[in-house]
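Colleague: Chains as they are written, first to last, in the numbering used here: chain L, 9 to 932; chain C, -15 to 82.
These aren't lab readings, by the way, just hints derived from the structure by calculation. Since we're looking at a predicted model, the values are computed, not measured. A couple of the hints might just be wrong.
Part of the chain C face toward chain L, derived, beta carbon under 10 angstroms [claimed, not checked]: (1) S(-12); (2) R(-8); (3) Y20; (4) M22; (5) E27; (6) L58; (7) A59; (8) W65.
One side of the interface only, derived from the structure: several residues of chain C facing chain L at Cβ under 7 angstroms [said to hold, decoys possible]: (9) R(-7); (10) R(-5); (11) Y(-2); (12) A17; (13) P21; (14) G41; (15) R45; (16) Y47; (17) L72.
All C-beta atoms in this analysis are idealised placements derived from N, C-alpha and C, irrespective of residue type, glycine included.
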Amino acid sequence: MDFRLYVREHLPSLTIAREAEIVEELAQHLEDVYRDARQEGLDHSAAWAKAVGTLPAAADDLARALRSASRTPPGRVADRWRAALDEPVPAREARFAMLTDLRRDVRYALRTLFRAPGFTAVIVITLAGGIGATAAIFSAVDAVLLKSVPVAEPSRVVHVYTVSSARATTNPNGGPQLGSSSYPDYVDLRDSGVLDGLTAFADIRLSLDTEGVTEPIDGVVVSGNYFDVLGVRPVVGRAFSLEEDRAGSPVRVAVLSHKMWQQRFGSDPNIVGRSITLNAVAYTVIGVAPRAFGGPVLGDAPDAWVPMALQDEVRPPSAGALRQRLGTTHMLGFRDVRWLEMVGRLRDGTALTEAAAALDVVGRRLAAAYPDSNRDLSATAVPLGQGPGVRTETWPVLALLTAAVTLVLMIACANVASLLLARAVTRRREVAVRQAIGAGRGQLVRQWLTEAVILGVLGAAGGLILAGWSTPILYGFGIPEDLDLSINLRVLAFALATGVVTGLVFGLAPVLQMVRGDTVAALRDEGGAVTTGARATRMRSAFVVLQVALSLVLLVAAGLFIRTLQQAYAVDLGYRVDRTLVAEIGPGDSYSPVTGYALYVEVLDRLNALPGVVAAGAARVTVLSGASRTVPVSVDGQPIRPDRSNVIPVRANVVSDRYLETMGIPLLRGRGFQASDGPASPRVAVVSRSLADRLWPNADPIGQRFLSASPLIVVGLVPDTVYLSATERDPRPFFYLPLSQNYEYAVTLHVRTDGDPLAILPGVRQVVRDLDPRIAVTRPRRLVDEFNRSITGQRTMATLVGILSGMALLLAAVGLYGVMAYGTRQRTTEVGLRLALGATPVSILNLIVFRGARLVVMGVALGLVGAFASVRFVRSQLFGVEPTDPVTWLAVSAMLVLVGLTACAIPAWRAMRVDPAVALRSSC
Amino acid sequence: MVLSVIERRARHGYEIANLIDEQSDGVLRFHVASLYPMLYRMERRGWIDGKWIEKAGQRRRRYYRLTPHGRKALAEQRSTWRELLAALHRVAGLEPGR
Chain L
9 MDFRLYVREH LPSLTIAREA EIVEELAQHL EDVYRDARQE GLDHSAAWAK
59 AVGTLPAAAD DLARALRSAS RTPPGRVADR WRAALDEPVP AREARFAMLT
109 DLRRDVRYAL RTLFRAPGFT AVIVITLAGG IGATAAIFSA VDAVLLKSVP
159 VAEPSRVVHV YTVSSARATT NPNGGPQLGS SSYPDYVDLR DSGVLDGLTA
209 FADIRLSLDT EGVTEPIDGV VVSGNYFDVL GVRPVVGRAF SLEEDRAGSP
259 VRVAVLSHKM WQQRFGSDPN IVGRSITLNA VAYTVIGVAP RAFGGPVLGD
309 APDAWVPMAL QDEVRPPSAG ALRQRLGTTH MLGFRDVRWL EMVGRLRDGT
359 ALTEAAAALD VVGRRLAAAY PDSNRDLSAT AVPLGQGPGV RTETWPVLAL
409 LTAAVTLVLM IACANVASLL LARAVTRRRE VAVRQAIGAG RGQLVRQWLT
459 EAVILGVLGA AGGLILAGWS TPILYGFGIP EDLDLSINLR VLAFALATGV
509 VTGLVFGLAP VLQMVRGDTV AALRDEGGAV TTGARATRMR SAFVVLQVAL
559 SLVLLVAAGL FIRTLQQAYA VDLGYRVDRT LVAEIGPGDS YSPVTGYALY
609 VEVLDRLNAL PGVVAAGAAR VTVLSGASRT VPVSVDGQPI RPDRSNVIPV
659 RANVVSDRYL ETMGIPLLRG RGFQASDGPA SPRVAVVSRS LADRLWPNAD
709 PIGQRFLSAS PLIVVGLVPD TVYLSATERD PRPFFYLPLS QNYEYAVTLH
759 VRTDGDPLAI LPGVRQVVRD LDPRIAVTRP RRLVDEFNRS ITGQRTMATL
809 VGILSGMALL LAAVGLYGVM AYGTRQRTTE VGLRLALGAT PVSILNLIVF
859 RGARLVVMGV ALGLVGAFAS VRFVRSQLFG VEPTDPVTWL AVSAMLVLVG
909 LTACAIPAWR AMRVDPAVAL RSSC
Chain C
-15 MVLSVIERRA RHGYEIANLI DEQSDGVLRF HVASLYPMLY RMERRGWIDG
35 KWIEKAGQRR RRYYRLTPHG RKALAEQRST WRELLAALHR VAGLEPGR
């Protein structure tokens, strides 16, 4: 007798692997009962009845009991957990136990995460994006703001500035106007004994001759105590001695930068004592600075240092203005020629404020002693790097970017929290079971936070890789390329800390959710959504609103920066930058002003004769290059007063006669410069419209005289043109001086061509080489490159904030989609019911999209408020566009709503096509 | 109870049910509905070990054997029961049986 068929028919399907065995065993049991019954004398039907009677009538209960008894997790895991929990932990082993717990938590977390690789990958990628962006910006913040300049005891090193009480109000930043110092003032301040040491220095352009070719290098002229005050020891050779910096008897010695030593002299170990040619004069190399050392000013990286006493020979740029005014280039004797930066070392135990007060006393004494030059002037000290410089200039940009990446990171966190919440709902059973068998809430919380922190750390690892790739972009923001932005230990620590903290933050959401959950309800509820699900959805909806709001803030910023860039491109420069080649030549000291000028004239004549050249001219300052020359101009025709109360700052440029033509700048009135404007004839100038309006509001400027460094006669009038950069905030008036009357030791050639400007470069080089093979044509580039470079900041800002806001938008859209898709799936039954009861698919679409649209609109509203509150922080970075630009705001809001609705529409579309029959059956 | 029945040798489900039936003089009777789920549960716990064994002329049957783990559990349960019974006896004032 075989009961297998009977058992199989009467037992509900068990859907477990052992089903066949169980059926066989039960059938065997029934068979045994039957056989014994027969042996006891029952007939077949009675024995059959007895046998099948052993199977309970309610076979369902049996099936359920068999099923649950045969399934692994509840029984087995419960035992193991209970065993683990019951194990007593001796007090002195508590710490060890904690470690064991941690290891167990980590192992369990890793197992959980790897069991859902897709889920884990999405979270890690999301976090890597957020943390990567943050780490990249932090590396810049670290390099610019946190790292100290490589000098001994940087906390004792201070910048010393001249301060003017009279001009205190002219500083746009509100603080006192910090300025350079003159050499006599420097000597008095140094010898006052307020500081442990005070050094002065100024940037210079040197020309280095190697193998017959002259090239410009960056140099610094420094007082003899420079390296001693900074506490920097050369790695090879020695620093300057005070004897080498004695005015009147200078010794031509130089200290090279490490980079220069490596690149130009192949790290020659015998460099000390070697002779090099600077400005056509032989110098002896006495030492090489340490690798990281570029001076006390962050971001500076000069190639060589020379003693201050050589100032007359090396001529700082400001020497040109002095020569125009006083006919000499020897600046050390003038108390009113302020061209030096000063850095000093505080005495041990002296506070900065005490030193500043003492310097003020000395400064006021000097003002009293030399009223002609020092009226209303004094001296003060500020911590290194807090004066004008890279730190101050890049700080607002970095602050802005930090805010932007923080927003992206927050959005990423919200997304991850949302994902974890969604999964927490599906893990309710696991939690409930573990709670039921005695796992404490603390234990569960710890377990989940461990998972979140592991995700955070994985995200940080990915983020560091991203940051490594993306940091080079940051050099576009005016961060000097000599600053090292590579990932160092601090950045590493920062990224890891960010990962852990974000892990804790987004890990908390599902944990809060969980600990409030109801164990019994969760255990009972196997499938659908009950309270916990609904609460999680509400929390996720809140995250979506937050994400949309944060994205909007970023998008508004990005929109404003893109508009700024548009405006910068649209600026009317007043001249043409296309098809123009610029390159520098510096005849150097082997030429006198007379022979030098003759050389320039010959070069320009030959260039103008080249085929393909439309016009060629020369200028001291290349527009848009960042270089500028500002001179004082007397507004009342009276001599410039010592306190400079009757002057305005005016930009100037020294140009050759065909410069205006080359640049395409039209003459409004009068004439341009001519060959007849020689050294002997009256000194002439061509002025800009705004300068003419300022000096002679109601008169014809032609023929007027005005006073700058020397008296000038106006011969021509030109329109205002952009000088420093396309996004300059307050374009200053300016004037041109003729090269024929104002010799320059180096000029920039401007060559306008009828084709590709770089194609003419070999011709330019040939012309110069033919005239003097020692003169190098340096830094050749297209003028349009200078223009592009001048708006690099705006371009990079627009690009970077654009990328960040794109990330934000994507994350917000994904977050919204996730919530909508999840919510819609939860409501499948409801949708099926509605459809079955006669709702049209379109009404379903509306129902669901409406829910999503509500979230988007709430987010946009919140975002608009947030953006409105925060745009004032970007004002300083904008150009030609108001922070409240309605076009930007409308476009951004519309775009966000559109993207949001698309993210809702996809799940809604799916819901619309639900088959009511399927939906209803699946829920039964 | 089930454990003690298979303490000496391996038995199959029907045998176990019959033995308990006999030894308790019919007071305790296991039904299929409770016997097999219990066996499977004990097997999961590692107390007993089930094996299909084929004997000549019969269909194969599943025999259950006590594992060392199960032996320990049995000893524990025995002492628990003994204590419980002793307590019951004391409370009820009965003489220790048997």
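Colleague: Give me the numbers of the hints this structure contradicts, sorted from smallest to largest.
Modeller: Hints 1, 2, 6, 7, 8, 9, 10, 14, 16, 17 not satisfied by this model.
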